[in-house]
Amino acid sequence: DGGITQSPKYLFRKEGQNVTLSCEQNLNHDAMYWYRQDPGQGLRLIYYSQIVNDFQKGDIAEGYSVSREKKESFPLTVTSAQKNPTAFYLCASSSWASGRENEQYFGPGTRLTVT
Amino acid sequence: GQNIDQPTEMTATEGAIVQINCTYQTSGFNGLFWYQQHAGEAPTFLSYNVLDGLEEKGRFSSFLSRSKGYSYLLLKELQMKDSASYLCAVTGSSNTGKLIFGQGTTLQVKP
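Taken in order, these protein sequences are the chains called A and B.
Our numbering puts the first residue of the first sequence at -8, with every later residue one more than the last.
Our numbering puts the first residue of the second sequence at 90, with every later residue one more than the last.
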């Protein structure tokens, strides 16, 4: 089945450690996105990528890094510089065309807890 | 600036009708999405409006007024499983695929 996978669903880390969240899609979408969601809040864009080997900062990129070496994969690294890393992280993809094609398909999310 | 406003919380009774409003001010506009998100899960697509008017899809309908920067999601014959957050998201004029999300409205359906 086509879709987006994120693993693991729950992740625990000690403060000061970098951690990488995986995101894979087999929808043949060009664009991929990373969002952060805090309790009772909407989605805030961290990074996005429209094509392989290219990505742009979103609204809250500080303390995060990404890579896009393959069309199917867009891993997110939460670095020790991120002051409040505990959150629910969602990955999405789309074909970045206009109209309904803008629809973003979301992965199941990774809940990261840093203590 | 870019701003999307939705009520934070709403409560309704099973079997009733509820309307969730969304107002937006963005530098460009191509269309508006509504997503449903159950707690701890991924958002799922509900509707997409690009032209003014009402789009009906089963128990859910979505309305758009581009001149007023306003949309609403109408849920009829509410069921307990409709308890979730409803996210309004706008596509800007640049063809990047980016969506601007509101903070979401948490709907609680009571028996």
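These are calculated hints, taken from the structure and not from any lab test.
One or more of the hints may lead you astray.
What the hints assert, rightly or not - One-sided excerpt, in silico: chain B residues whose CB lies under 10 angstroms from chain A: (1) Pro96; (2) Phe122; (3) Tyr124; (4) Tyr137; (5) Gly147; (6) Phe149; (7) Phe152; (8) Tyr161; (9) Ala173; (10) Ala178; (11) Lys187; (12) Thr195; (13) Gln197.
What the hints assert, rightly or not - Here chain B is said to cover these stretches of chain A; the calculated rule only asks that three of the stretch's residues, wherever they fall, bring their Cβ under 8 angstroms from a Cβ of chain B: (14) 28 to 37; (15) 77 to 85.
For every residue, glycine included, the Cβ atom is placed at its ideal position computed from N, Cα and C.
Hints and how they fare:
With a cut of 10 angstroms, the hint placing Pro96/B at the interface with chain A is violated, because the nearest CB-to-CB distance is about 12 angstroms. Interface hint status for Phe122/B: upheld, as the beta-carbon distance to the closest one in chain A is roughly 7 angstroms, under 10 angstroms. For Tyr124/B, the suggested interface contact is upheld, since its CB lies about 8 angstroms from the closest CB of chain A, less than 10 angstroms. Hint status for Tyr137/B: holds, given a least beta-carbon distance of 5 angstroms to chain A, under 10 angstroms.
Restraint check, Gly147/B versus chain A: the minimum CB separation of about 18 angstroms is more than 10 angstroms; hint violated. For Phe149/B, the interface hint is violated, the least distance from its beta-carbon to any beta-carbon of chain A being 16 angstroms, above 10 angstroms. At its closest, the beta carbon of Phe152/B sits 17 angstroms from a beta carbon of chain A; the interface hint therefore is violated under the 10 angstroms criterion. Evaluation of the Tyr161/B hint against chain A yields a violated restraint, the C-beta minimum of about 17 angstroms exceeding 10 angstroms.
Violation of the interface hint for Ala173/B is found here, the shortest Cβ-Cβ separation to chain A being roughly 13 angstroms, above the 10 angstroms cut-off. Because the beta carbon of Ala178/B sits about 8 angstroms from the nearest beta carbon in chain A, less than 10 angstroms, this interface hint is met. Look at Lys187/B: its Cβ gets to within about 6 angstroms of chain A, closer than 10 angstroms, so that hint holds up. Residue-level restraint check for Thr195/B holds (minimum Cβ-Cβ distance to chain A is 7 angstroms; threshold 10 angstroms).
At its closest, the beta carbon of Gln197/B sits 13 angstroms from a beta carbon of chain A; the interface hint therefore is violated under the 10 angstroms criterion. Only when three residues or more bring their CB closer than 8 angstroms to a CB of chain B does the claim for the segment 28 to 37 of chain A stand; here the count is 6, and the claim holds. Given as covered by chain B, the segment 77 to 85 of chain A passes the check, having 3 residues with a CB less than 8 angstroms from a CB of that chain where 3 are the minimum.
Going down the numbered hints, you'll see the structure goes against 1, 5, 6, 7, 8, 9 and 13, while the others check out.
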